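Given chain A's structure and the hints, the job is docking chain B with the ligands onto it.
As you go down the protein sequences, you meet chains A and B in turn.
Once you know that position 54 of the first sequence is 54 in UniProt numbering, the rest is easy, because the numbers rise by one and skip nothing.
Once you know that position 41 of the second sequence is 41 in UniProt numbering, the rest is easy, because the numbers rise by one and skip nothing.
Rather than coming from a laboratory, the hints here were simulated on the basis of the structure.
The reader is advised that the hints may include incorrect statements.
[Unchecked claim] With the C-beta cut set under 8 Å, the calculated list includes, among others, these residues of chain B facing chain A:
1) E8
2) V166
3) C167
Here the structure is a predicted model, which is why all the values come from computation and not from measurement.
Cβ atoms here follow ideal geometry from the backbone N, Cα and C, with glycine treated the same way.
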Amino acid sequence: MAQEKSMAAIPEFLSKAELLKQGAEARVYRARFLGRPTIVKERFRKQYRHPLLDEKLTHRRTVQEVRSVLRCRRAGISVPVVYFVDYTSHSIFLEEIVGSSTVRDHIVSSPPSARCEGLEPLAERVGQVLARMHDEDVIHGDLTTSNMLLRCGPEDEVSELFLIDFGLSYISALPEDKGVDLYVLEKAFLSTHPHTEALFQRLLKSYAAASKKSSAVIKKLEEVRLRGRKRSMVG
Amino acid sequence: MHLTHELELFPGHKVTQMLFKEVKNAAELRQCAVEGKINGALINPTMLVNPFQVLVAANKAVNSQNNGKMKTRSLYSEIIFNLSPTNNISEAFKRFGCSDGDDSVLVVLIHNEDESQLLADLTARVSGRQVPVEEVSSLTDHAKVKKLYKVTQEEEKSGTLLDAVVCRMAAKDVM
Ligand SMILES: Nc1ncnc2c1ncn2[C@@H]1O[C@H](COP(=O)(O)OP(=O)(O)OP(=O)(O)O)[C@@H](O)[C@H]1O
Ligand SMILES: [Mg+2]
Numbered sequence: 001m002a003q004e005k006s007m008a009a010i011p012e013f014l015s016k017a018e019l020l021k022q023g024a025e026a027r028v029y030r031a032r033f034l035g036r037p038t039i040v041k042e043r044f045r046k047q048y049r050h051p052l053l054d055e056k057l058t059h060r061r062t063v064q065e066v067r068s069v070l071r072c073r074r075a076g077i078s079v080p081v082v083y084f085v086d087y088t089s090h091s092i093f094l095e096e097i098v099g100s101s102t103v104r105d106h107i108v109s110s111p112p113s114a115r116c117e118g119l120e121p122l123a124e125r126v127g128q129v130l131a132r133m134h135d136e137d138v139i140h141g142d143l144t145t146s147n148m149l150l151r152c153g154p155e156d157e158v159s160e161l162f163l164i165d166f167g168l169s170y171i172s173a174l175p176e177d178k179g180v181d182l183y184v185l186e187k188a189f190l191s192t193h194p195h196t197e198a199l200f201q202r203l204l205k206s207y208a209a210a211s212k213k214s215s216a217v218i219k220k221l222e223e224v225r226l227r228g229r230k231r232s233m234v235g
Numbered sequence: 001m002h003l004t005h006e007l008e009l010f011p012g013h014k015v016t017q018m019l020f021k022e023v024k025n026a027a028e029l030r031q032c033a034v035e036g037k038i039n040g041a042l043i044n045p046t047m048l049v050n051p052f053q054v055l056v057a058a059n060k061a062v063n064s065q066n067n068g069k070m071k072t073r074s075l076y077s078e079i080i081f082n083l084s085p086t087n088n089i090s091e092a093f094k095r096f097g098c099s100d101g102d103d104s105v106l107v108v109l110i111h112n113e114d115e116s117q118l119l120a121d122l123t124a125r126v127s128g129r130q131v132p133v134e135e136v137s138s139l140t141d142h143a144k145v146k147k148l149y150k151v152t153q154e155e156e157k158s159g160t161l162l163d164a165v166v167c168r169m170a171a172k173d174v175m
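Isolated chain A, as found in the complex (with noise of 0.2 Å):
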């Protein structure tokens, strides 16, 4: 009974956090955790998987969130420290990154006459960040605009680019890897933000710069390219 109840902490802490996102997959929190401000994720379950086989992936997906900010943070990449871990409801206690808003909402906010040219910078800040994380053999697996905060810093100071939402990524030193990861991104930063081409290459070209291992990962990136194009012209 005793233990029953305990169990139920952290379902019952979430219960009176603030619900920030109900995803697919797992819900988002913020919360007020060790006097400080924190971002919760539960990952839950999902009723139509097999409950071992589900409580598997829900386990795994957890596991690399927490090994790949660390790995990250290693390599001095921005991302949010991880306060604490609960493995029996699948929850991971983040930094807020406060003040913070999602590069999609930026993009999106910024005036469509802006949208290129004074994005620029930001665009080869994430070519930058993205190079750096793929020189680590990090494959973040969900790069969107949404999965990446700029924090804002005091007037002049140029803002920070963190990197979030790793639970689909994973180890690998393979240049076919990182391409299908920039693919990923260049899929959905070109139907998040119309008419963004330009920018894309922007990203694309920093990254280039930036990275020790580019050659090899753009032309995947390339060949991926072809094969989708392929393949949506058979199916």
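Quick look at chain B with the ligands alone, frame taken from chain A:
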């Protein structure tokens, strides 16, 4: 001077930290802890960067206790274990536990009731000078902390030492 924080996940569970300098009876205190006369964790403050680090360890200890997943025998040894970046228990005690010759000690208590009596009992046992817990940052042995937690130079450019330490504590089960 002490710092008390009620754990948000475990309402009613409070964590109190007290810091003492110029301690003359570390060996005796350690003996008291072993015998259960001191119901608390005695920590070597030179391995601490910030009181937040202790809160992270204490929260995790209470959670493990509730889930029946403690790696050590008591809540207090679990706090010391959680501070360490590795899963080696004796190593954790050597690095983070108080040693006989230490001249400073940070005491952590976990309690439900009001802390005033507990504090009085503890202060009576320590022959040393109590200072504000925040002063722990002035005792930190930065070189040792960086080496033990394997903090990289790259990492220090983009985040604080506390960030680096806390991340490793939180991630150690899957490393
Ligand atoms: N550390 C953080 N600080 C501030 N905001 C955050 C943080 N983490 C997440 N968010 C906000 O919550 C949103 C969702 O977070 P996240 O991308 O991690 O979850 P998700 O997309 O639901 O996960 P999944 O893709 O695994 O289902 C983000 O787009 C961002 O707006
Ligand atoms: Mg996301």
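For this session: Mind checking the CB of C167 of chain B against every CB in chain A and telling me if the closest is under 8 Å?
Result: With a closest approach of 5 Å, the C167 of chain B hint holds.
Exercise. How about V166 of chain B: closest beta carbon in chain A under 8 Å, or not?
Worked result: Since chain A brings a Cβ to about 6 Å from V166 of chain B, closer than 8 Å, the hint holds.
Exercise. Are E8 of chain B and chain A close enough, Cβ to Cβ, to be under 8 Å, as the hint says?
Worked result: Given a least distance of 5 Å, the restraint on E8 of chain B holds.
Of the numbered hints given earlier, the model fails none.
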